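Residue numbers (this note's numbering), protein chains in the order written: chain A, 1 to 394; chain B, 1 to 394.
For the record, the hints were derived by calculation from the structure and aren't laboratory data. Among these hints, one or two may not hold up.
[Stated by the list, open to error] Computed footprint of chain B on chain A; a stretch qualifies when at least three of its residues, placed anywhere within it, have a C-beta under 8 Å from a C-beta of chain B:
#1 67-73
#2 184-193
#3 323-332
#4 348-359
No experiment lies behind these values; they were computed from the predicted model shown. Note that the Cβ used here is the ideal one computed from N, Cα and C, for glycine as well.
Protein chains: 2
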Amino acid sequence: MGRNLKFSIEKVFEGARLGKIELAHGIVETPAFLPVATKATVKTLSPKELDEIGTQIVITNTYHLYLKPGTKLIKEAGGVHKFMAWNKPVMSDSGGFQAFSLGLGAELGEGKFKYDVGERPKKPVMERKAYVNQDKVVFQSIYDGSYHELTPEKSIEIQEALGTDIIVALDECPPPSADYNYTKESMERTHKWAIRSLKAHTTDQAIYGVVQGGIFEDLRKESARFISKLDFDGIAIGGAFGKDEMYKTLDWIKEELPDKKPRHLLGIGTITDIFNSVARGIDTFDCVGPTRIARVGYAYIRKESGGNIKNKFRIRLTKKEFKHDFQPLDKNCDCYVCKTFSRAYLHHLFKSNEILGLRLLSYHNIYFFNKLMREIRESIKNETFDKLYDYWMN
Amino acid sequence: MGRNLKFSIEKVFEGARLGKIELAHGIVETPAFLPVATKATVKTLSPKELDEIGTQIVITNTYHLYLKPGTKLIKEAGGVHKFMAWNKPVMSDSGGFQAFSLGLGAELGEGKFKYDVGERPKKPVMERKAYVNQDKVVFQSIYDGSYHELTPEKSIEIQEALGTDIIVALDECPPPSADYNYTKESMERTHKWAIRSLKAHTTDQAIYGVVQGGIFEDLRKESARFISKLDFDGIAIGGAFGKDEMYKTLDWIKEELPDKKPRHLLGIGTITDIFNSVARGIDTFDCVGPTRIARVGYAYIRKESGGNIKNKFRIRLTKKEFKHDFQPLDKNCDCYVCKTFSRAYLHHLFKSNEILGLRLLSYHNIYFFNKLMREIRESIKNETFDKLYDYWMN
Chain A
1 MGRNLKFSIE KVFEGARLGK IELAHGIVET PAFLPVATKA TVKTLSPKEL
51 DEIGTQIVIT NTYHLYLKPG TKLIKEAGGV HKFMAWNKPV MSDSGGFQAF
101 SLGLGAELGE GKFKYDVGER PKKPVMERKA YVNQDKVVFQ SIYDGSYHEL
151 TPEKSIEIQE ALGTDIIVAL DECPPPSADY NYTKESMERT HKWAIRSLKA
201 HTTDQAIYGV VQGGIFEDLR KESARFISKL DFDGIAIGGA FGKDEMYKTL
251 DWIKEELPDK KPRHLLGIGT ITDIFNSVAR GIDTFDCVGP TRIARVGYAY
301 IRKESGGNIK NKFRIRLTKK EFKHDFQPLD KNCDCYVCKT FSRAYLHHLF
351 KSNEILGLRL LSYHNIYFFN KLMREIRESI KNETFDKLYD YWMN
Chain B
1 MGRNLKFSIE KVFEGARLGK IELAHGIVET PAFLPVATKA TVKTLSPKEL
51 DEIGTQIVIT NTYHLYLKPG TKLIKEAGGV HKFMAWNKPV MSDSGGFQAF
101 SLGLGAELGE GKFKYDVGER PKKPVMERKA YVNQDKVVFQ SIYDGSYHEL
151 TPEKSIEIQE ALGTDIIVAL DECPPPSADY NYTKESMERT HKWAIRSLKA
201 HTTDQAIYGV VQGGIFEDLR KESARFISKL DFDGIAIGGA FGKDEMYKTL
251 DWIKEELPDK KPRHLLGIGT ITDIFNSVAR GIDTFDCVGP TRIARVGYAY
301 IRKESGGNIK NKFRIRLTKK EFKHDFQPLD KNCDCYVCKT FSRAYLHHLF
351 KSNEILGLRL LSYHNIYFFN KLMREIRESI KNETFDKLYD YWMN
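Bound-form chain A, shown alone (with noise of 0.2 Å):
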């Protein structure tokens, strides 16, 4: 079946790619940035709101919409875009990322994995939540505990209930610490799942395959190569752990890659990572970040508000410094935040635990983030990105 995607570049400078994604539901101007709707929702903000932002698309996690509300109630409701009310792209995750690190996510942190290789152990032990073999990976829910296999026919039929515009084959993410013997077992199970992905889908929904490798130049590439040369409309890039593993990765694959498919940068979204990743060649990336930290009291500032990468572009509203602090949150935003709130009534909502508060700088945080890509797109198009990365970047 004819998959529903047109990717077309139309310019490249310096390495950086001005495109346009064209789906179902509607065009996507590239670089973009993708707010993570978890739940079939960018929390606290409305589908108006993310619209009149200028949002264009956004990611969807498979892995929580499986458990809740569950799959049948989203294909009920007719998918999910007429369930969260939101007429444009929505692309979805294939669930695996969340199945591998929420196992003890809570506990260990962000980004911590840990997990098992091989056969499900006998007596389910509470510090087990997740283990792998070639066939699948097995979770336990973080709603219940409940066991849950996920293989990449699973994974595919799921996203193709929820009716996304571009949905991801299963990978396995390997744990940062993963050696390079588990690594290139890992890839080679992402390679298998990818291949099984794309004979399990039925729709017209585009598909991205994803490239592992961890931090090794040879799987890296192995794995571009491998999953560039197989049917997909897009390739996503997983597994990037930290700033200068991240850009060694994106270099080594950059040739390695295919021009003419989107490039998708999972999880990804600094201010400085974002930079760095558009100027080799990435066209999207999504991110909690901007909605997370939003709603513990971090707004993004621009540069010429101050914001650098020392302070990671942003303040932390609920500072006591602004109190009384009766200037606009960011003088050089023109969102509806910024030219309607003080400083000072930020952190009060703040320091009131008012909900307003947890809104208002999710708002103004992807106002940032779709105005940011703006700017690249138009300074990729007046061959002015390099001035723009060293504005930002110095």
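Got chain A sorted already, so can you dock chain B onto it with the hints?
Only chain B this time, still in chain A's reference frame:
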């Protein structure tokens, strides 16, 4: 100094009054409902949303703003309108009700009072969180247990700093269990405080006096007469406990109140209470109900959608029966929420602890009240209020 309130009655139909209150920040068409902006925010909603759902005026709590962020900060901000970015009218209460009731509110439950009459105990006793004598009420902060004094003069001073359109004289709301003697003593204190409040008031903000008198006919009438003859711009009615007592109270005092002053019923806000109070000549109401119950999953539904006195015109979205219900929240409501989302999606948001759920029901519930008040106003104008009353109340 002249005060910035002009009240006109356009029509009276079977006791129900159609009117208009002109204030410094705009006009309020009455009967009207005031959403409560406890801490300078109507919980979960933005001022833009309040405006788009037809909110004419909000009420904010002097007690809360005095403690956090503090009067000084709001004065610095240029008043509460600027602080919360709401350019339409704002009313403030006197702070008395919270000072008395929040002493042990959390422990005893809403509407239950516990405080002492007399001198301040030498040693702070945790069970005594508010006490009152002829001069003042002394209370412990819900935030840090610190002691604060509220006098009529101080309440006026705070409310003048807030810069609200309508301020309220400090009163004592006696405990529901108070006997005749205590209620009389308390009422006389309220009356003395009313005189002191007027004397202390220096700006052109409109000021309302509060009628008390508990459940005793002669006291209520005496209080209504006393407060009415003072130089207040409007009359607030306080301490209405329970439906039957409240309706009786309104009947008792109706004849004692001057026609030409607006009448505000403090803290009242069920559909039934609103219909019955409008029928008894009340012009404005405030209540945390619509937003508070929204946050635990209740949505108001219209009569034609199955709302009635028995179900209190509401459904609880957290219930299992809504899991697969893909109908709009209320098919006879034309707000953004009802035009956009299904009950099943709202159910999912609540089951997943998503903030968007709290927002959407708060939005709908305030829209519901604003629309109902608009319909009530039209029905008075068209002399069909009796029919509207019968339709909703039977």
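Consistency of the hints with the structure:
1. Here the stretch 67-73 of chain A counts 3 residues with a CB under 8 Å from a CB of chain B, which clears the bar of 3, and the coverage holds.
2. For the stretch 184-193 of chain A, the stated coverage by chain B is violated: 0 residues have a C-beta nearer than 8 Å to a C-beta of that chain, whereas at least 3 were required.
3. With 3 residues carrying a beta carbon less than 8 Å from a beta carbon of chain B, the stretch 323-332 of chain A meets the three-residue requirement, and the given coverage holds.
4. Given as covered by chain B, the stretch 348-359 of chain A passes the check, having 9 residues with a CB less than 8 Å from a CB of that chain where 3 are the minimum.
In summary, the structure is inconsistent with hint 2 from the numbered list given earlier, while agreeing with all the others.
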